[in-house]
Each structure stands twice: as structure tokens, then as C-alpha cells.
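*Asks:* What follows is each chain in one-letter form.
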Amino acid sequence: MGHLLLATYYLLPTHMNRWNPIIINAPSDISADETFDLKGEICPYTFVKSKLMLEMMESGQILKVIVDNDESATNVPKSLTNEGNTVLGTEKINETDWMITVRKK
Amino acid sequence: MSDSVVVSVAWLQEHLNDAKVRVIDARVSDPRLPMGYKASHIPGAVPFDLNRDMYEMAMGGPRMKSPEAVANVLGARGISNDATLVIYDEGTGPLSGTVYWLLKYLGHDDVRVLNGGWHAWQKANAPTTKDVPQVQPVSYTANVDETQHSTAEWIQENSAREDILLLDTRMDSEYYMGHIPGAVNLSFDEAIDFPTQGLKDESVLRAQFENVGATPDKEIVVYCGSGSRSAHTFLVLKSLGYPRVRNYKGSMLDWAHHRGLPLE
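The listed protein sequences correspond, in order, to chains A and B.
Residue 61 in our numbering sits at position 46 of the first sequence, with consecutive numbering throughout.
Residue 45 in our numbering sits at position 40 of the second sequence, with consecutive numbering throughout.
Everything labelled a hint here was simulated from the structure, so no lab data went into it.
Here a beta-carbon is modelled for each residue, glycine too, at the ideal position from N, C-alpha and C.
Errors might be hidden in some of the hints.
Claimed, not checked - Residues from chain A shown here face chain B by an in silico Cβ test under 8 Å; the list is partial:
| id | residue |
| --- | --- |
| 1 | 37 |
| 2 | 57 |
| 3 | 60 |
| 4 | 68 |
| 5 | 89 |
| 6 | 90 |
| 7 | 94 |
| 8 | 97 |
Just need the whole structure built from these sequences, with the hints factored in.
*Replies:* Right, dumping it as C-alpha cells:
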């Protein structure tokens with residue numbers, strides 16, 4: 016169902032898209048301890064699941080989260096920062112997807 | 006029984022076995038995460054998964070199920086119209102807020118949310134179980150209350166009224182990229198006390214809302230990207246006793262993407 020939910024985003028007129036995440040390139044030499052594919056998931060699941068994944072990891076470890084909508088690419092980094100983690104980058108990695116790189120507090 | 010919308014762990018422990026009290030687990034369900042309802046839950050709780058139980062796929066994208074379809078889900082879980090419902094998620098987050106709003110929209114009278122959610126329940130060493138309760142299916146009737154809901158049309162017809170306040174509950178960076186004309190901004194998570202995962206003190210919450218002009222004398226329309234974060238703010242405002250609050254469930258997805266309505 017999650018994948019179905021977000022399919023709608025790219026059926027919509029893109030010229031109406033006013034959600035523009037702030038792009039910050041993560042250092043290229045950072046490798047992830049975990050990668051979490053959240054394509055097809057919508058708000059609030061994207062930031063809730065990202066937070067839960069981080070809770071399972073050790074302090075200082077790196078998580079890369081993949082999302083495929085601008086709303087999540089904007090609010091996931093902010094939410095994870097609010098929880099005290101350090102967002103190292105938010106990058107557009109292809110036509111549809113974003114990768115958020117975060118270090119657990 | 007308390008009339009508070011947001012209840013404490015101690016309150017729920019005291020009332021867990023009351024005949025009228027039913028607990029709803031709105032936490033994330035994802036096989037990649039070893040947590041959630043299947044792993045452990047509050048004794049007697051039934052699960053409610055927004056993806057599966059609230060939405061359905063339709064031409065052009067997902068949409069909220071009909072009130073009757075959601076009512077059937079609730080009835081199958083043994084939830085009756087006169088039950089005192091207590092919702093919890095991981096903390097006091099937007100999942101609880103969305104289920105709270107949905108139930109108020111369906112006209113359910115007595116709906117509460119556990120302050121601090123599963124985080125607070127575990128921290129208090131309150132009892133948990135993996136046992137799935139045996140429920141007796143009942144008939145649940147949806148008595149839709151449109152005063153809990155807003156549409157784009159309703160906003161267009163009413164936004165000029167002096168007693169209306171449009172409240173954008175997204176992050177400030179999202180708000181400044183474009184919002185419904187006239188809206189003020191207060192991010193939904195400003196209401197959350199992160200260390201406890203519960204809500205901030207009532208006096209702090211009231212000051213935050215009043216600081217952006219969201220006073221109880223106004224009719225407040227909350228919105229966000231897709232109506233879940235705003236449902237959380239809907240919950241917070243209701244918990245403070247604000248009498249007139251509407252959640253624009255369609256939010257920016259409907260306003261800007263589907264309809265191309267103006268932004269400022």
C-alpha cells in the first residue's frame with residue numbers, strides 16, 4: 016500500500032511542485048552503516064520510520080535514507096535534526112529519488 | 006473518568022480493564038523494523054494501520070476510504086460507537102494525531118491519546134504482551150462530522166472571515182516556499198517535548214499558539230503537506246479545549262498539486 020500511496024506524486028503536474036528541498040551534498044567518502052529504502056512511503060511514515068531505524072543503530076553510525084518525494088526530502092532532515100542527529104547531506108540521486116545522509120547522535 | 010483528551014500512562018493503567026475502554030495501536034508496522042504491534046503492545050490493544058485501514062488506492066492516487074469502509078474496519082476490531090478509545094503510537098506523534106482526527110471526523114464521541122505513547126508506557130515498565138486479543142465483531146456506525154474537516158472550497162468560501170485562522174503546520178522552510186494565502190506557520194513538532202516524546206506543558210502550548218494568533222475564539226483550519234502533521238496539531242488544539250478546529254485533510258497535495266490554487 017505504501018508504494019501505491021506515493022505513486023500519486025508523480026502523476027501530478029510537476030510545474031505545480033513548490034516543495035523544493037534544500038540540497039546539501041554529503042561528503043563523498045562517507046559510507047553508510049545502514050541504508051533504508053523508503054521509496055513509496057509518504058509523510059508521516061518517512062520520518063517516523065527513519066527515526067525508528069536510527070534508534071536501532073549505535074551512536075555515531077551513518078544512516079542513508081532514500082525517499083522519492085520532495086515533502087519527505089524536506090521534512091525528514093529537519094525532523095532528524097530536531098531529534099539531535101546530524102544531517103550530513105540531502106542529495107537528489109536520480110530523476111525521482113533523494114538520499115538523506117544522517118549521523119546518529 | 007477524566008475528560009482529558011490526552012491521558013497519562015497512570016490513567017490508562019488504572020482504566021485498562023474498564024469495559025468501555027478500548028486501546029488502539031497506531032504504531033508503524035514494517036517487517037524491516039523489529040518493533041510495532043506484532044513485537045509487543047499494550048494488553049488488549051488492537052492495531053490500526055493507516056496505510057491499510059484508512060487509505061485505498063484509486064485512479065490518480067490514494068484516497069481516504071469511505072466513512073462506511075473505515076466503520077467496517079473498526080467494527081471488525083470490536084470497536085463500538087460508545088467505547089472510550091485510547092490511541093497510542095511511538096510517542097505522541099502524527100500517527101496518533103491522524104487516527105484521532107479520523108475518529109472525530111467519524112463522529113466518535115470519546116477519543117483519547119496516550120501522552121508519550123509507547124515510549125512512555127515502556128519507560129514506566131507498564132505491562133506489555135504479544136497476545137492478540139480475541140475480539141467480538143460489532144456494528145460500528147459512521148456519523149460523519151464535517152465540522153472537523155475542511156476542503157479547499159470551504160477555505161475559499163470562508164477565509165475572508167475575521168474569525169478564521171489558517172495554520173500551516175509544516176516546517177518553516179516548507180512554509181516559506183509557498184503556502185495558502187493568509188496562513189500563519191507553526192510546525193506541528195513544536196508541540197512535542199522530544200525527551201519524553203509527549204506533549205509540552207499546556208501553558209507552553211497555549212503561548213505558542215497565541216503567539217501566531219491562534220486563539221480559542223477563532224475557527225482554526227490546520228493543514229500541512231498531506232493532512233497528517235496537521236492532524237497532530239488538530240489533536241493538540243482539541244486537547245487545549247479549542248472548540249472550532251478543522252483539519253484540511255487534502256492539504257497542499259490537494260491545494261497546490263491537484264488544483265493548482267494560488268500560493269503566497
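*Asks:* Can residue 90/A be said to touch chain B, with a Cβ gap under 8 Å?
*Replies:* Since the shortest Cβ distance to chain B is 5 Å, the answer is holds.
*Asks:* Next item in the hint list is residue 89/A. Is there a CB on chain B closer than 8 Å to its CB?
*Replies:* holds, 5 Å
*Asks:* Do the numbers back the hint for residue 97/A, that is, is its least Cβ distance to chain B under 8 Å?
*Replies:* Holds: closest Cβ of chain B sits about 6 Å from residue 97/A, inside 8 Å.
*Asks:* With chain B as the partner, please determine if residue 37/A meets the hint condition of a C-beta pair closer than 8 Å.
*Replies:* At 7 Å from the nearest chain B Cβ, residue 37/A passes the 8 Å test, so the hint holds.
*Asks:* Is the shortest C-beta separation between residue 68/A and chain B less than 8 Å?
*Replies:* holds, 7 Å
*Asks:* With chain B as the partner, please determine if residue 57/A meets the hint condition of a C-beta pair closer than 8 Å.
*Replies:* holds, 6 Å
*Asks:* With 8 Å as the cut and Cβ atoms as the points, is residue 60/A at the interface with chain B?
*Replies:* holds, 7 Å
*Asks:* Using Cβ atoms only, decide whether residue 94/A comes closer than 8 Å to chain B, and label the hint accordingly.
*Replies:* holds, 7 Å
Every hint from the earlier list agrees with this structure, and none is contradicted.
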